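Heads up: the sequence lines are chains A and B, in that order. At the far end of the first sequence sits residue 238, using our numbering, and the numbering has no gaps. At the far end of the second sequence sits residue 238, using our numbering, and the numbering has no gaps.
Accuracy of the hints is not assured; some may be wrong.
Copies of one chain are not kept apart here, so a pair can be met inside one copy or by any two copies together.
Unchecked claim - Straight-line Cα separation of at most 27 Å, DSS-like style, residue types lysine-lysine; simulated pairs:
{"hint": "1", "residue 1": "Lys5", "residue 2": "Lys73"}
{"hint": "2", "residue 1": "Lys201", "residue 2": "Lys142"}
{"hint": "3", "residue 1": "Lys114", "residue 2": "Lys161"}
{"hint": "4", "residue 1": "Lys161", "residue 2": "Lys60"}
{"hint": "5", "residue 1": "Lys5", "residue 2": "Lys63"}
{"hint": "6", "residue 1": "Lys11", "residue 2": "Lys73"}
{"hint": "7", "residue 1": "Lys65", "residue 2": "Lys216"}
{"hint": "8", "residue 1": "Lys63", "residue 2": "Lys11"}
{"hint": "9", "residue 1": "Lys201", "residue 2": "Lys65"}
{"hint": "10", "residue 1": "Lys5", "residue 2": "Lys60"}
{"hint": "11", "residue 1": "Lys65", "residue 2": "Lys5"}
{"hint": "12", "residue 1": "Lys60", "residue 2": "Lys114"}
{"hint": "13", "residue 1": "Lys114", "residue 2": "Lys216"}
{"hint": "14", "residue 1": "Lys11", "residue 2": "Lys65"}
{"hint": "15", "residue 1": "Lys5", "residue 2": "Lys88"}
{"hint": "16", "residue 1": "Lys63", "residue 2": "Lys216"}
{"hint": "17", "residue 1": "Lys63", "residue 2": "Lys224"}
{"hint": "18", "residue 1": "Lys60", "residue 2": "Lys11"}
{"hint": "19", "residue 1": "Lys142", "residue 2": "Lys5"}
{"hint": "20", "residue 1": "Lys142", "residue 2": "Lys224"}
In short, the hints are calculated from the structure, not lab data. Since this is a predicted model, take the numbers as computed values, not measurements.
Take a look at the letters that make up each chain.
2 protein chains.
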Amino acid sequence: MTISKAAYKAKLSDSIGNYEDVIQILTESSDFHDSSLRLLLVGSLRNRITSLRTSLRTIKSCKEKLDPSDLSKGLTSVINEICEELSKLIMDESEDVIRLIDDNILMYCNDHDKAFCNKLKGDLMRYRAEITTGSERSSNIKASVAFYEDSLQLARSCTEKYPIDPLYLGTILNYSILKCDLLNNPEGAITFINRALLAVKESNETLSPQSEQLIKILNDNISKWEQGSKNLFTSAFF
Amino acid sequence: MTISKAAYKAKLSDSIGNYEDVIQILTESSDFHDSSLRLLLVGSLRNRITSLRTSLRTIKSCKEKLDPSDLSKGLTSVINEICEELSKLIMDESEDVIRLIDDNILMYCNDHDKAFCNKLKGDLMRYRAEITTGSERSSNIKASVAFYEDSLQLARSCTEKYPIDPLYLGTILNYSILKCDLLNNPEGAITFINRALLAVKESNETLSPQSEQLIKILNDNISKWEQGSKNLFTSAFF
């Protein structure tokens, strides 16, 4: 594989979790040779925000474990303080990554790569919606919907991959989670998934292991949602 | 468990990898109630440095994978640059943690806890020795030896735990790695381990699962060293 110095540094920096350097290199260097590496790195930046989101959920869940003596000592305020810090990080870093995609990544993308980027932006806007309220939350949901819709449309246009494309199915999965969790519409989410699964069936194509796994998760989610369990965290990490 | 606000914040910060806050709280607050939590947090800070050391080894190992065309593009300099950054982080952070132990932790320690702290300091000095040269390396090795020796002496004085104490056996393990890898003395390391294993045998005590695991690693290391394999990375993380 031919790789430039900057791309190599970004790759190594990513492997040791030095995301500041990854962002800097992606912003400053156009000399990547290999475009798939760029997308891999942006995906990794999104994963970092996903792990902040996991931390936020972990800390929030600590609230339920506090007993009355903890409450009197003000431990709730400690939790709230950390939650605020994590929320701020999620807001700031998601903004950085979205800006990076818009200013430094999309220009190198073919349609399928653009679908990937729009899915990432949809995911990030969904995370932002989860931690905001009122009109800010509404506009984050709206933006997430728009990015997921764009991603699906672009992925559908790649006719040699659609409808069994893992990227397409992953977008269906994450978008359906938004429909269920944030738009409060499990029935709509189920119908939406079923339509995608029907297209897969009708295509008669051989599935990759990744697509098979996604279809399993989609079916599992339908079962859970039909049983009324809404708090579902499985989503697609690519 | 009764816990102070500061201790609770440190615990949550540790759980989400916010080590700056952990260091700050351990430095500024004496209000921990629970001393074992203090040690847990310092151990976690050491683990963070251990993971920097793992990153450094990963990046160094990339050098061997470079082909001639990579070399001509100057990719070696990228690796060297990242290795320098990681080495600097290891040096800076180990210094911070050792200072924290000396100024803010030892004062609350009984002898067994002091043995734990000295083992940590021995580990950190060993990491520093690995990435320094000349007289700096020699003095880091010397300091590591002194800390491990202190730890063993303190652990031996806890007669109700010695010689099957996991902390004691973990110190034997890590100190033997220093003897083999940095003092270049595998025979000495083997003799040293065998003496500790003999004391375990003669004690006729029932072993905890942790001690049993350590004894297995110690025996594995002896086998590998007897076969002349020196590059052994298994060590005790507590």
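To see whether the hints hold, each was checked on the structure:
1. Lys5 - Lys73: Close across copies (7 Å), not inside one copy (54 Å); limit 27 Å.
2. Lys201 - Lys142: Neither, since 30 Å and 68 Å both go past 27 Å.
3. Lys114 - Lys161: Cα proximity of Lys114 and Lys161: one copy only (14 Å, versus 62 Å across).
4. Lys161 - Lys60: So Lys161 and Lys60 fail the 27 Å test inside a copy (40 Å) and across (39 Å) alike.
5. Lys5 - Lys63: between (47 Å within a copy, 14 Å between copies)
6. Lys11 - Lys73: Between copies only: 15 Å across chains, 46 Å inside a chain, cut-off 27 Å.
7. Lys65 - Lys216: neither (33 Å within a copy, 38 Å between copies)
8. Lys63 - Lys11: between (38 Å within a copy, 14 Å between copies)
9. Lys201 - Lys65: neither (45 Å within a copy, 44 Å between copies)
10. Lys5 - Lys60: Result: close only across copies, 16 Å inter versus 42 Å intra.
11. Lys65 - Lys5: Answer is between; shortest inter-copy Cα gap is 15 Å, intra-copy 49 Å.
12. Lys60 - Lys114: neither (34 Å within a copy, 35 Å between copies)
13. Lys114 - Lys216: Classified as within: same-chain Cα gap 26 Å, cross-chain 52 Å, threshold 27 Å.
14. Lys11 - Lys65: between (40 Å within a copy, 14 Å between copies)
15. Lys5 - Lys88: between (33 Å within a copy, 22 Å between copies)
16. Lys63 - Lys216: neither (33 Å within a copy, 41 Å between copies)
17. Lys63 - Lys224: within (25 Å within a copy, 48 Å between copies)
18. Lys60 - Lys11: Between copies only: 14 Å across chains, 33 Å inside a chain, cut-off 27 Å.
19. Lys142 - Lys5: neither (39 Å within a copy, 39 Å between copies)
20. Lys142 - Lys224: The answer is within: 25 Å in one copy meets 27 Å, while 60 Å across copies does not.
Hints 2, 4, 7, 9, 12, 16, 19 from the earlier list are contradicted by this structure; the remaining hints agree with it.
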